[in-house]
Every structure is written in C-alpha cells, then in structure tokens.
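Residue numbers (numbering that gives the first Met the number 0), protein chains in the order written: chain A, 0 to 425; chain B, 0 to 192.
I should point out that these hints are in silico values taken from the structure, not numbers from a laboratory.
Keep in mind the model is a prediction, meaning the values are calculated, not measured.
Some clues are possibly wrong.
Claimed, not checked - Selected chain A positions facing chain B (Cβ under 8 Å, derived; list incomplete):
| no. | residue |
| --- | --- |
| 1 | 164 |
| 2 | 223 |
| 3 | 337 |
| 4 | 417 |
Unchecked claim - Have a look at the derived ranges for each label pair, beta carbon to beta carbon:
| no. | chain 1 | residue 1 | chain 2 | residue 2 | range |
| --- | --- | --- | --- | --- | --- |
| 5 | B | 89 | A | 73 | 52 to 62 Å |
| 6 | B | 27 | A | 38 | 47 to 57 Å |
| 7 | B | 68 | A | 35 | 14 to 24 Å |
| 8 | B | 118 | A | 375 | 23 to 33 Å |
| 9 | B | 35 | A | 349 | 20 to 30 Å |
| 10 | B | 98 | A | 290 | 16 to 26 Å |
| 11 | A | 338 | B | 188 | 35 to 45 Å |
| 12 | A | 295 | B | 35 | 55 to 65 Å |
| 13 | A | 30 | B | 127 | 20 to 30 Å |
| 14 | B | 144 | A | 58 | 37 to 47 Å |
| 15 | A | 150 | B | 162 | 46 to 56 Å |
| 16 | B | 68 | A | 126 | 42 to 52 Å |
| 17 | A | 67 | B | 43 | 22 to 32 Å |
| 18 | A | 9 | B | 33 | 47 to 57 Å |
Built from N, CA and C at the ideal position, the CB exists for glycine as well.
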Amino acid sequence: MEVRLLTRNFDRPESWTLASYEATGGYAALRKACAMDPVAITEEVKKSGLRGRGGAGFPTGMKWGFVPKDAAKPKYLCVNADESEPGTFKDRYLLERDPHVLVEGIVIASRAVGIHRAYVYVRGEFGLPYRRILGAVREAYAKGYLGADILGTGFHLDVTIHRGAGAYICGEETGLIESLEGKTGQPRIKPPFPAVVGAFGGPTVVNNVETLAAVPWIIENGANAYRGYGTEKSPGTKLFSVSGHVVRPGVYEVPLGYPLRDLVYGLCGGIRGGRKMKANIPGGSSVPILTGEEALAANLDYESLAAAGTMLGSGGMIVIDDSTCMVRALATIEKFYAHESCGQCTPCREGTGWLRDLVMRIESGGGTPADLDKIMSITRNMIGTTICVLSDAAAMPAASFVTKFRDEFARHIGAGRCPIEEGAHA
Amino acid sequence: MQPFEKSDPASNPQGRVPCELKLLGAPITLTAEEEARVAWLFTRYPTRQAAVLPILWMIQEKIGWVPEEAITLVAERCRVPVSHVYGVVSFYTMYNRAPIGAYHLQVCTNLSCQILGAEHVLDCLRRRLGIELGGTTEDGMFSLSEVECLAACEMAPVVQVNDDLVGPLDEGGIDRLLARLRDSAARRTEAGR
Chain A
0 MEVRLLTRNF DRPESWTLAS YEATGGYAAL RKACAMDPVA ITEEVKKSGL
50 RGRGGAGFPT GMKWGFVPKD AAKPKYLCVN ADESEPGTFK DRYLLERDPH
100 VLVEGIVIAS RAVGIHRAYV YVRGEFGLPY RRILGAVREA YAKGYLGADI
150 LGTGFHLDVT IHRGAGAYIC GEETGLIESL EGKTGQPRIK PPFPAVVGAF
200 GGPTVVNNVE TLAAVPWIIE NGANAYRGYG TEKSPGTKLF SVSGHVVRPG
250 VYEVPLGYPL RDLVYGLCGG IRGGRKMKAN IPGGSSVPIL TGEEALAANL
300 DYESLAAAGT MLGSGGMIVI DDSTCMVRAL ATIEKFYAHE SCGQCTPCRE
350 GTGWLRDLVM RIESGGGTPA DLDKIMSITR NMIGTTICVL SDAAAMPAAS
400 FVTKFRDEFA RHIGAGRCPI EEGAHA
Chain B
0 MQPFEKSDPA SNPQGRVPCE LKLLGAPITL TAEEEARVAW LFTRYPTRQA
50 AVLPILWMIQ EKIGWVPEEA ITLVAERCRV PVSHVYGVVS FYTMYNRAPI
100 GAYHLQVCTN LSCQILGAEH VLDCLRRRLG IELGGTTEDG MFSLSEVECL
150 AACEMAPVVQ VNDDLVGPLD EGGIDRLLAR LRDSAARRTE AGR
C-alpha cells in the first residue's frame, strides 16, 4: 500500500493553490519551525535519517551541518528542480501538484542554516511546473511566508525561480551552481564542496525537490514518526516514478524497503499484455540494470538495492518486458550520455562516444565478438576517473547490460541483426 | 593549395574579419517593461553575469529565437564578453539559433518512450509534416525536433508542444493533435483579423 506523506494533497482540487494547501494544515510546520532554535531544526532532520532524494542519497541534516556557522560570505540554498535523469518524473509531480510543500520546505531549511537567498533551478523544458512554482512563490510572498520578517520572526528570505535551458549536466550540483552563475554547466572539482564554496563563492546547500518536500512533514510530526516508516537504515517514504511496460505507470509513494514485486505487480498492475518482466532499471537510466528474476527478489531501499548490485538513485524505475531488444535499449541510453557529456574530462568525453558507437554498431548488425570485451574495458576506465559522475552514469548501464544479457548481445552480433521479433509494440 | 595572402585593405574596407561583422549586428531594443525586468533581475543575484540565462529567455520568449544581436545585448548588459554569452547560447539546447515554427513538436526518444514506440511517433510526424528533424514546415506552422527525456515517462511515448506535454501518442492521436493545432492557429488568425 502507498503511504502518502508527501503526496497527500495530490488528488485535491486545485491542490497547487495556497488556499488548498492551508486548508489541509499547510505552513503549520513553518510556524512550528519558527518557534524552534535553528540548530534544533537541523538536529531533527538529522535524527529523521532523511537522505537526499535526487540520486546520491547523502544524509540531508549532515549536509546542512557542513555549512560553516560564521561564514564571511552570504549563504545560499539551491533547490535542484532540474529533473532530467531518464525515467524520473516525481519532482515534476511535486511542482505541479503541491508546490507550496516545496516552498515551506525551502523556508524551514533556510531558517535552519541561516540562509536569506534561495534559488529554485527549474529545468528549462518544464512549462506547467515552472508556472506552478512561480505562482506558489508569489502567493507565499503575499501572505508573508516569504520576504522580510517572515511570520513576525524577523527572519527574511528571498526566493528566485531560475530557469535552466536544456542540459542534463546541470542536475549535478556544481554544474547547477555554474549554470546559476550564468555560465555553461561544467561541474567543478571537489573539494571544496558547495557547503564551503558554492554559489557566488558563498557556502551553499543544494537539495533536491523531494528532499525539501519531506522537511515540513518531519518538522510537524517529528523525526520519530518519520522513522516509523521505512527501514532502520533507510527511514521514511520515497516517491517512485514507474514507467515502461507496466499497466499503470505513474508516481507512487511507498515506505523505503517496499518489495519491488509489490510495486510492479500490485500498485502498477503488472506487465502490459500479461508479458514477462525481462529487466528492471530501478533508479533512473544510470544505475545498473537488474534481470527480471533479480528484480523480483529486491526491496526498494538504499541497502537492499546496493546488495542487489544496483542503486536506488532517483527512484526512476523503468520496467522492461520480454519483447524488448536489450542492445537497442542500451544504444538509446548511451546515445543520451554521449549527447549530455559536458566534454571537460577525457574519459567521459571520449568514452561516452565510444560506448555509443560500439553499441550502435552492434545494433545495426556490424558488431564483432571482440566488441563486448572492448565495451567492458572502456567502462573500467570511465568509472571514478572524472570530475563528476556522468562518466560513471554512462559506464554502469553498459557494463551491467553486457554482463547480464551477454548471450543476447552475442546472438545479435552473430546474426548480424536483432534476434528479437521486431515491432512488437508498433 | 593557394599560399596564404596578406589581406588587401581595399577588399575589406572596414578592416574586420567576417565573423566579427556577423556578431556586431544592428542592436535590438527593449521596451520599458523589459528594461524594468532586466533591472529587477540584477537585484535578484549578487552578480550581473547570473542574469545571462534569464535575459536570453526573456528575448526568446518574445521573438522565438536568439539572434546575434541578442547575444551582443546580453553581453553588454551583463558586462561579460560576447564570447561568453555565445558559449552559453551554444551549450544549452533550448536557445533557438534560428526562427522556428509556431508549434515546436519535440519528440522524446529516450528509453521509456523508445520501448513504447517513440520511433514510430517520430516517423509519423516526419511523414505527416513532410519535414526532417530540425526542419520547419513551409507555412511556418510546425518545427520538429528530437529531445532527451522530458520527465514525463508516464505519458510515453510523449511529445512536448511548445510548453505542454501530450501523450501517450499513437498514429490516431498524432492526427488529432495536428488537426487541433491547425484549428487553433486558424482560429487565432481569424480573431486577429
């Protein structure tokens, strides 16, 4: 069953308006937070065990705690709403259906860390989500939840919506900061981490939309209540974006540790046409793929998926049935990463292109048996060798597809064409 | 191959290289409202450079694309080199470097859409519109592009039409979509008369 803490308002009429949000107790958490010591807010979030929901899963309270208390430069909050990982669309739902929960999370986080300027970096393609968060921020200013002297506390915060312009790499936190500063989105070498030197040279917290949207619930109900959901090491709920060959694709909020089988065959209604689940990419296109059998045995939390050899990532689950050509699927993934590599680091700039070319060659019938080992060797030189993880994001699917579906790749090469019946879905 | 010749000042009276000439087009002007918007943007960020993307967006939303003159204008306002703005415009995929059709059809071909028939959607649109990727119909009504994941995989195969998402699309859905867009364009022309 779903546990709807963050998605509780999704089905309400005009759920995106302030009137609707306040009618369900919205901004009560902010009132509570305003009466709390800022350090206590961070402590509560630390205690809740909330981890970054953008993909990396870093503990949120700890991230806030890294910001120096007595920084000489102004501190900033950057909200990562540049949702671009293929297969992920939960932040779009949050922005469209409940933008005020994000605004409330932004104010609470800013008060905790002592931030007076926040930016919401919204991906450029977002039309409706952009208009909805813009509307929510305007309403919040008018009602005194933003601006000078918030709720009479003397705390002030300005929020600016900043629109991206089409670049996957700007979802990487330092790429996002570079883009916010008006530059091309090329990630920075770390350290220094953004918490020390981030936007405009000041200490900066970069948090995903879903992460901040969880903060009001945690403050209002307490860390212990939040820990009542999920597992010991992965507390709380997570939004999963499920797409591909399922009967009911969509966004589902379940407690962490939820069985993958129940999400796919229960909430999502199983595989279309009663077919078999051939494979499952549980966390966005960059994480290692699972075979159908592996997926059926997995639970959806950080530790269980790591034990299964993959990652929770962004929770963007792509379900693949047995009519799908895995060579073709990998070619699509590698084409994407080659297109999105920013070009700074050689292993990524060259490696993503080589992977794309090799897989496309196999797909078009011109592959050789040596190509599979070549792909594996290239991926080994792409993981952990670059400034950011885009290189790893391209290498992990390639290595896992070729390892787990090697027979199919070999048959493709041997036959010089796709062995899977074509046009099963056309 | 011809040996490299020294430039003849008579053949190049302005003494500029051609690409530089191209960058220094006639300036475009901003309305009072747009000037106010630019001034407001400068108050929202600690540096002027941070307003590069928002001002480019403002211009593109008005005229549909980013001409060379806009690049020069943004460079001047933000006090950064023209080359910097040029780099930004060419790095991001959404700044149009040429005028585009009234309806920009962007077809997602990433994984979730691909496995549900995005290629078929793309082929249908190509045939119906008689244009290739990156092309615009002669009447200026439609432009067609391929895009990466639009974060709308539950609607796969999905197409973004200007700011709006449409999906899941099949052949019949494409016909209805094109008819609806043509119809609303015709009604708008009618209303404008």
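Each hint, compared with the structure:
no.	hint	result
1	164	4 Å, holds
2	223	34 Å, violated
3	337	11 Å, violated
4	417	13 Å, violated
5	B/89 x A/73: 52 to 62 Å	31 Å, violated
6	B/27 x A/38: 47 to 57 Å	51 Å, holds
7	B/68 x A/35: 14 to 24 Å	52 Å, violated
8	B/118 x A/375: 23 to 33 Å	28 Å, holds
9	B/35 x A/349: 20 to 30 Å	47 Å, violated
10	B/98 x A/290: 16 to 26 Å	48 Å, violated
11	A/338 x B/188: 35 to 45 Å	37 Å, holds
12	A/295 x B/35: 55 to 65 Å	59 Å, holds
13	A/30 x B/127: 20 to 30 Å	55 Å, violated
14	B/144 x A/58: 37 to 47 Å	40 Å, holds
15	A/150 x B/162: 46 to 56 Å	34 Å, violated
16	B/68 x A/126: 42 to 52 Å	27 Å, violated
17	A/67 x B/43: 22 to 32 Å	24 Å, holds
18	A/9 x B/33: 47 to 57 Å	37 Å, violated
In terms of the numbered hints stated before, the structure departs from hints 2, 3, 4, 5, 7, 9, 10, 13, 15, 16, 18, listed from lowest to highest.
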